[in-house]
Amino acid sequence: MTLAIEMKGMTKYFASTHVRANDQVDFSVESGEVHALVGENGAGKTTLMNILYGLIKPDSGEIFIDSQKVRIGHPDDAIKHGIGMVHQHFKLVASFTVAQNILLGMEPNQAGFLNEQKENELVDELAKKYNLPVDPTARIRDLPVGMQQRVEILKVLQRNAKILVLDEPTAVLTPQEVNELITVIRGLSRLGYTIIFITHKLIEVLLVADRVSVMRGGRMVGTEKVSETSIPELARMMVGREVLLRVKKKQIQRGEMVLEARNISVSDVNGLAAISHVSFQVYKGEIVAIAGVSGNGQTELVEAISGMNNLDGGEIIFRGRPINEASVGERRDLGMAHIPEDRMVVGLNLQTTLDENLIVSRYNHSAFSRYGFLLMKTISQFAEKVVNAFSISAARPGEGISMLSGGNLQKVVVGRELSGDPAFIIANQPTRGLDVGSIEFVHKTLIEERDKGAGVLLVSVELDEVMALSDRILVLYRGKIQGELDAATATEEQVGILMAGGALEDLKHPAKDNGQGYKRELKP
Amino acid sequence: MEGFFSVFTVELLNSGIRLATPILLAALGGAICNQAGVLNLALESKMLLGAFVGILAAYYLGNSYGGLLVAMAAGGLLGLLFAFLYHKYRVDLVILAIAFNLIIVELTVFVMRAMFGNVGSWSDPSIVRIPDIQIPLIKDIPFLGPILSGYNIIVYFSWLVTIVMFIVLYKMRGGRHLRAVGENKSAAETVGINAILLQTLALVISGALAALGGAFLSIGHLKLFTRNMSNGRGWIAIAAAMFGVNHPVGVFLASLFFGFADAFSVRVQNVTDLPPNLVKLLPNVATLLVLIIIALRSKIALSMARRRFRSQLRAEEAANPAD
Amino acid sequence: MNNQRFRKLLDAILVPLLAILSGLVVMGILILILKKPLFESYAVLFSKGFGCEAYGNCIFITTLERATPIILTGLSAVVAFRSGMFSIGQEGQYLLGAAAAAWLGYAIHLPPILHPLVLIIAGMLVGAGYGWIPGILKVKLGVNELLATIMLNSIAALIIEYLVQFPMRGDRSTTAHSPVIDESAQLMSFLPGSKWGVGFVIAVIAVIVIFIYLWRTKHGYEQRMAGQSRKFALYGGIHSDNAAIRAMLISGALAGLAGAIEVMGVHRRIMTGFSVGLGFDGLTSAILGQTHPIGVFIVAILFSGLKLGAQLGLQLNLEIPRELGGTIIGFIILFVAAGKLYEESIVRVRDWFTRKRGSNLKGEIP
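Residue numbers (our numbering), protein chains in the order written: chain A, 1 to 524; chain B, 525 to 847; chain C, 848 to 1213.
Worth flagging that the hints you see were computed from the coordinates, not collected in a lab.
Glycine included, every Cβ here is placed at the ideal spot set by N, Cα and C.
Watch out, some of these pointers could steer you wrong.
[What the hints assert, rightly or not] In the SDA-like style, the derived pairs of lysine to any residue whose C-alpha atoms are separated by at most 20 Å in a straight line are:
{"id": "1", "chain 1": "C", "residue 1": "K855", "chain 2": "A", "residue 2": "R396"}
{"id": "2", "chain 1": "B", "residue 1": "K695", "chain 2": "A", "residue 2": "N120"}
{"id": "3", "chain 1": "B", "residue 1": "K695", "chain 2": "A", "residue 2": "L114"}
{"id": "4", "chain 1": "B", "residue 1": "K709", "chain 2": "A", "residue 2": "L55"}
{"id": "5", "chain 1": "C", "residue 1": "K987", "chain 2": "B", "residue 2": "A819"}
{"id": "6", "chain 1": "C", "residue 1": "K883", "chain 2": "B", "residue 2": "V635"}
{"id": "7", "chain 1": "B", "residue 1": "K709", "chain 2": "A", "residue 2": "R139"}
{"id": "8", "chain 1": "B", "residue 1": "K823", "chain 2": "A", "residue 2": "D268"}
{"id": "9", "chain 1": "B", "residue 1": "K823", "chain 2": "A", "residue 2": "N309"}
{"id": "10", "chain 1": "A", "residue 1": "K57", "chain 2": "B", "residue 2": "E713"}
{"id": "11", "chain 1": "C", "residue 1": "K987", "chain 2": "B", "residue 2": "R830"}
{"id": "12", "chain 1": "C", "residue 1": "K1078", "chain 2": "A", "residue 2": "D333"}
{"id": "13", "chain 1": "A", "residue 1": "K162", "chain 2": "B", "residue 2": "T714"}
{"id": "14", "chain 1": "C", "residue 1": "K855", "chain 2": "A", "residue 2": "T352"}
{"id": "15", "chain 1": "C", "residue 1": "K1078", "chain 2": "A", "residue 2": "Q351"}
{"id": "16", "chain 1": "B", "residue 1": "K823", "chain 2": "C", "residue 2": "I983"}
{"id": "17", "chain 1": "C", "residue 1": "K883", "chain 2": "B", "residue 2": "G641"}
{"id": "18", "chain 1": "C", "residue 1": "K987", "chain 2": "B", "residue 2": "I824"}
{"id": "19", "chain 1": "A", "residue 1": "K377", "chain 2": "C", "residue 2": "F1058"}
{"id": "20", "chain 1": "A", "residue 1": "K377", "chain 2": "C", "residue 2": "K1065"}
[As the list claims (entries may be wrong)] Calculated from the model, a selection of chain A residues having no Cβ within reach of chain C, i.e. all distances over 10 Å:
{"id": "21", "residue": "D23"}
{"id": "22", "residue": "Q24"}
{"id": "23", "residue": "S31"}
{"id": "24", "residue": "G42"}
{"id": "25", "residue": "S95"}
{"id": "26", "residue": "N120"}
{"id": "27", "residue": "I252"}
{"id": "28", "residue": "G255"}
{"id": "29", "residue": "I323"}
{"id": "30", "residue": "A468"}
Chain A with its partners taken away, still in its complex shape (with noise of 0.2 Å):
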C-alpha cells in the first residue's frame, strides 16, 4: 500500500497564546483510502492540516508525498503537489455564481476577456465527471450550506486534486445533507482519490472511513482500522485526560428547582437548530454536568439561559419566574452567575482594571453607586476582598489585568461571579486552558458553592471532569438530550456512547464493522 502522504515529527508551537498546537506528530495516509483525522476542539488536527496545505509553517518535521520529500511554504506548494482543502468556514464570494467561484483565479479567457458561456459549460462537463450536479449560474448566496460545500469541493477536483482534506465537513450539515455527503465520499475514493477528513463527531467516522487518527492536546493518540474499534474506545481517546482528578464531594442534599428549562429550541446564525427541544431541571444544591463534544449546540444553551440570546421556542423558568424576557442583567440580579467559556474576550475586559473588571454585573447596586456616580473606594475595597478571598497573586486594585496568567485570570472571573451567592451558577468549560493548581481550584470552588445550596449547571467536554464533579450527567448531541445518567453509577463508556450519538444499548452490542461495508445511515 503506498502512502499518499506521510509526516514525520511535525511541531508547532505558537507563542502568541502559549501552546504547543503539534508535539512531534506522526501522520500517514494510504493512497486511495478514507482516513478520518479525529480530536477535540483544540487538539491540533486543524494545525497539522493548515501545515500540510502551507498555511502555517511548522517548527520542525518533515512531509512526504508519494515516498517524496517535500517542502510546502505556500498553499500554491500544496496545490501542485495535488492537495486540496476544503476548509470549515467556506472561501467563496457570495455574489459570484457556481461558475464563477469554481473558476475563480483560472478562469479561461481571451486577452483578459471573460466568456460565461464557456464557464457554464466546463462546470457541467466537471459536475457530470464526479457525479456532482451543480447549476453554473445560481448564485452562491441563494444556495443552501450542503449545495456550498459541494462547489467548494468541485473547486477543489477542478485544480487536479489527488487528495482532499475536509476540515469539519459535516459541522452546518443537516443529517440529510450530511448522508448525501457521505456517498460523496465514497464515490471519489472508489474513483481513487484520497480523502481526510477531519470531525469530531464520531459515528460519522464509523460510517464513511476506512481508518481514523485520534489526536489529543497536540499529540497523536493513535491510529485504529475502523473495522477494529469502536464509539466507546475512540470517545475515550479523543476526550480522557491523563491526570486523574481526584475530588471529595459530600453526599448530595437536593433541595427545590432553581432551573428549568421547558422543551427549548434555539436557532444558530444560519437559522439552523442548534438546540432542538429540550427539557431539564436543575435543583439546589447540585451539580448537573451538559456532557458532549464542542459543537453540539453548548454555546447556544449557554446563552439561551444566560440571555445572551434569544430564545426561538420553549421556556425557561428561574426560581418560579418566567425569565424568557428578562435581560442579561435582570437574570443576574435574581441570583444567576456565569462563568464564560471565553475569560479573555467575553468573562474579562483586559484593557481595563481589576475593578471596573468586577463590578461589570453589579455597579448598579447601591452599594456601588449612588445618584449616578461610582462610589471608588467602596469598589476598591470590595476588590481587594475577592483578592484576598481568591489568593489572586499579582492582582492589585487600580491595576491592569492583562499580564495575569490564565489561571489567575479565571479566578477574578470566579471570584467576582461567586461574591454574592449566587443560587445558579453556569460554568462553561470552567478549566479549558488551566494549569493543574487552577483546575484543582476550580472544581473545589464549584464543589462548595454546590454544598452551600447552589445549583450548578457544568458544561464541559472533558470526561473525567463531568465524572468527578457532577451528581447527574446529560449528553447533549445535535442540539438534543441523548441521554441522562445518574453520576454515581454512570460509566465512560455510558457517557462516551451518548457523545458520540450512538445510545445505551449500542453498548451491548459493539459497533464493530467487520468489513460488512457502510451500511448503516443516520436518522435525520
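Got chain A; can you put chains B and C on it based on the hints?
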C-alpha cells in the same frame, strides 16, 4: 412659476454635465476602491493635488494637455503612497485619509505662496484653458446634438472611463478578481489572487482619476488655483459612489444627479427667489436614504433566517402538541 | 505613581510626542527648502503662538481662545469614540448648534445671564439631536456611522448656507451674515481687545466634567466597557445600545455647544464661510490626544498655537506662508497614525526607563 420652468434649457443640461465631470471622475475612483474592499476617503486630497499640480505643470510645460497628464501622475503617486502606508504599516484608512486631506489642503497653498508670493489664488495669462470640442456630425443631431457635443476632452474621457470601468469590472478577469478581493479577501487569496496588488492598483487609479477631476477644475474650467478649490467635491464623490452602489453606471447617474443639482441651484438663483441650497440638499439626503436602505436589506436578511426557524418550530408543535 | 500607571502614561505620551517631534523635523526641512533661517523660524513660531511680549500682552491668550471650540469638538469625538461609535459628525453638529444660537440671539430678547444660558442650552439640544440621528441609525438599522455622519455633515453645511442667505439674512452685502446677536446674549471676554473669555472657562469645565463622567459615573463606565469590549458588556448585563445612543447625544451636545460659544463669544453671528473645519480639528485633537479629555485639552492648545504662530510669526515676520502650520499638523496626524514606524525606538526608550526604575514591570510568567 414661469421663471422656474425657464430654467430647464439646454444650457442647464450642459452645465450639469460639466459640473458632474469632476465628481464623476473621483467617484469612479472611489467606486473601484470600494469594490476592491479599500475605503478611500482621501479623494478630496487627490483632487486638490491634481488641480494644483495640473495648472502648475500646464504653466511650466506651456501645454495644458501636458498639465493633465502630470496631474494624473501626481494623483497616482499619492494613491501609491496611500496604499504603501496602509499595507505596510496598517495605518487606519480613515485617519490616513483625514491626514492626507489636511496636508494637501494646506501644503498646496503653502507651495503656491512660497512660489508666487502672498497671493490668495494664482493664475497666469499664458495658461490655455482646455478647449471645448464640437464633434462633427453629432453636433447636428436635433435635440441631442447640443447636449452631446461641445465639451472639453476631460468630459468625454470621463464617459470613456465609465464604459471602460464597466467592461473591466464585469467582463474581464482582472475586474472579477478585484471584486472577489473586495467581497471575500481570503477566498481570493486562497486561489492565488494577489489582493495587495489589486488594492494598490485600485488606489493608484482612483488617485489618477480624482486628480484629473481636480485638474478639470483648474485647467479645464476656472483657469486658476485657489485655496481648497475642490470645495468638498471629493466628499460629494464619495457620496456619489455610495449612491451609485459602486457600479459604474450607477455612479455615472449619481454624479449627474449631483451635477444637475449644482447647475440647477445656480440658475434658479438668478431667475427666481427660490433658495438654491435646498436643491443641493436632494442628492445628499438621497444618499443617506440609500445608506439606510442598504443597511435595512442586510438586517432583514439576517432576521429572515430566524423567522423561518421559528415558524418551522410552530409548525412542528402544531403537528405534535407537546405534553 | 506606581509602576504600572507610569508605564501606561509613558506608552500614551510616547507616540504622540515622537509624532510631534517628527512633524517639527518636517517643518525644518520645508523651511530649509525655502532657504529661510531655521532656528529663528522655530523661535518665532513658538513665541508668536505661545509666548508673551510685554506685560499683559500675551499672544497665548489668543491661542487659548482659538483652542476653545477645538477643545469642545475634541471632547465630542472622545465621547463618541470611547463608546465604540466612530462618528466624525462633529462638524455638522457644531454648525447647527451655532445656527441655533445665532438665531435665538436676535430673534428673542431676554435679560443678560438668562439669554446666553438659553442660547447655550439651545445649541446643546440641537447638537444632541443631530448626534442622535447617526446613533439611532447605527443601533437600530446597522447603518455605518462613519458614512452616515459624512452625509449629515454635508447636509448641515447646506442647511446653514441656506439659513444664512435667506431666512436669517441680516444684510445685503456680498457675503451673507445673520444679524448680530443682542448684547445680552454675548459672552463676556476677560481682557479688552481679546475674545478670550467665558467661552474658554466653559471649555475647561467641560474637560473636567467629561473626565468625571467617563471615569467616575455609572453611565460613563457603561460607555467605556461597551466601547472596549461589546461581548464583555453584553455578558455583564450592560445595555450597549443605550450606552451608544447616550454617547451620541452627549457628543452632539458638546459639538453644538462649541458652535454656540463660537457665535456668542467670537463672531456674534454666523455668515457664509463660518465653517472652517473646526469639527475636523477637534477630531484630529482627539486622535492625537489619545482619546482622553486632558490629552484633547493639551493638543487643542498646541494645534491652535502652531497655527497662530505660523500665521503671526512665520508669515508676518519671515514671510513664510502660514499654511505651514496646518501642513505640519497634518503630518503629525500622519505620524501618529503610522505609529508602527516608531515601534523600535519606543521599545528602546521603554526599556531604558524600566531599567532605570529598577523594577520588574513584567507580569508573572504564565
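Evaluated hints:
1. C/K855 to A/R396: 15 Å, holds
2. B/K695 to A/N120: 15 Å, holds
3. B/K695 to A/L114: Holds, at about 6 Å.
4. B/K709 to A/L55: 15 Å, holds
5. C/K987 to B/A819: 10 Å, holds
6. C/K883 to B/V635: Satisfied, since the Cα-Cα distance of roughly 14 Å is no more than 20 Å.
7. B/K709 to A/R139: Status holds; Cα separation ~18 Å.
8. B/K823 to A/D268: 16 Å, holds
9. B/K823 to A/N309: It holds: about 17 Å lies between the C-alpha atoms, which stays within 20 Å.
10. A/K57 to B/E713: 17 Å, holds
11. C/K987 to B/R830: 17 Å, holds
12. C/K1078 to A/D333: Given that 20 Å is the threshold and the Cα spacing comes to 19 Å, the pair holds.
13. A/K162 to B/T714: 18 Å, holds
14. C/K855 to A/T352: Judged against 20 Å, a Cα distance of about 11 Å means the pair holds.
15. C/K1078 to A/Q351: 13 Å, holds
16. B/K823 to C/I983: Holds, because 14 Å separates the two Cα atoms, which is no more than 20 Å.
17. C/K883 to B/G641: Cα-Cα ~14 Å, so holds.
18. C/K987 to B/I824: The hint holds at about 12 Å.
19. A/K377 to C/F1058: 18 Å, holds
20. A/K377 to C/K1065: With Cα atoms ~14 Å apart, A/K377 and C/K1065 stay inside 20 Å; holds.
21. D23: 18 Å, holds
22. Q24: Label holds. Min Cβ-Cβ 23 Å, cutoff 10 Å.
23. S31: Correct as stated: the minimum Cβ-Cβ distance to chain C is 43 Å, above 10 Å.
24. G42: Given a closest Cβ separation of 17 Å, the condition holds.
25. S95: Non-interface label stands for A/S95: nearest chain C Cβ at 19 Å, farther than 10 Å.
26. N120: 35 Å, holds
27. I252: A/I252 is indeed farther than 10 Å from all Cβ atoms of chain C, at 30 Å.
28. G255: Check passes; 26 Å lies beyond 10 Å.
29. I323: It holds; A/I323 is separated from chain C by about 13 Å at its closest Cβ, greater than 10 Å.
30. A468: A/A468 is indeed farther than 10 Å from all Cβ atoms of chain C, at 25 Å.
Going down the numbered hints, you'll see the structure goes against none, and every one checks out.
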